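S.K.: Sequence:
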Amino acid sequence: MPVARQSRIWPSGGVHLWPSGGASAAHAHPRGHLVYAASGVLSVHTESGTWIVPANRIAWVPAHSTHHHRAHGETDMRIVFLPAALARRAPDRPAVFLASGLAREVLLALTGPRALDRGARGRLHRVLVDELRTADEHPIHLPEPRDDRLRAVARILDADPADASSLTVLGHRVGASARTLSRLFASELGLTFYEWRSQLRIAHALVLLAEGHDTTRVAHACGWANPSGFIAAFTAVVGTTPGRHRRRFTP
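Under the UniProt record's numbering, think of the first position of the sequence shown as 1, with each following residue one higher.
Hints are computed from structural coordinates only; laboratory data are not their basis.
Errors might be hidden in some of the hints.
As the list claims (entries may be wrong) - Derived CB-CB ranges, DEER-like:
hint, residue 1, residue 2, range
1, R133, R173, 42 to 50 Å
2, D117, A159, 47 to 55 Å
3, T180, A109, 45 to 53 Å
Treat the numbers as computed from the prediction; the structure is a model and nothing was measured.
Just so you know, even glycine gets a beta-carbon here, dropped at the ideal spot from N, CA and C.
Kindly generate the complete structure, drawing on both the sequences and the hints.
M.R.: Here is the structure:
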């Protein structure tokens with residue numbers, strides 16, 4: 001498994017430069033921390049599911065939460081540990097926030113090469129937390145199924161997100177009726193099958209864009225019959241078009 005090409009860690013944060021496919025081992029920290037991809041795309045895997053974190057999102061991982069990261073495309077990963085007093089103002093569960101321009105610049109300043117004294121760092125921490133408290137939670141989240149039949153459906157579509165099989169057809173493949181699967185999606189994941197599949201496809205699209213593939217290829221690989229439908233769906237979830245996202249956030 002590829003490892004980080006370069007890492008700098010200090011008590012309040014760190015920087016990891018990951019090659020595409022690089023991943024950390026499962027771990028936890030005694031302090032809550034923010035995770036940001038200045039370029040590339042990160043997936044943050046937790047016990048409750050996977051969050052996809054493109055460069056217009058900031059992820060929050062509470063203290064003692066077991067997790068690991070994976071990089072998609074060349075990824076510049078930034079980490080900011082929050083003091084306990086500020087961490088109490090963040091959710092007690094993993095979360096992903098839309099990154100404002102100010103939040104992004106503050107986070108880059110906190111993890112940049114310029115040395116900051118304790119006072120300056122504290123002020124920037126407070127600004128960053130204030131920005132996130134007013135930001136919308138905007139996750140691209142793939143909840144982790146518990147039922148074996150849902151897990152089997154997830155494996156099928158994760159291997160081929162362009163698979164357009166109906167829930168009835170998928171049910172035949174995993175040994176469950178469409179009604180049973182529909183009920184399980186609602187009760188376990190809080191989503192309809194179609195909402196979940198759309199999240200899965202957008203997550204795969206972000207990964208493929210980070211790896212350098214063009215919009216048309218990504219659209220077809222992720223199950224859209226034409227690029228215009230993909231662009232509309234991607235923009236509704238991510239907040240920008242695939243082309244703009246790729247130009248701005250991929251190295």
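S.K.: Next step is simple, just say for each hint if it's right about the structure.
M.R.: Status of each hint after checking the structure:
| no. | hint | result |
| --- | --- | --- |
| 1 | R133 <-> R173: 42 to 50 Å | 44 Å, holds |
| 2 | D117 <-> A159: 47 to 55 Å | 51 Å, holds |
| 3 | T180 <-> A109: 45 to 53 Å | 51 Å, holds |
Against the hints set out earlier in the document, no violation occurs for any number.
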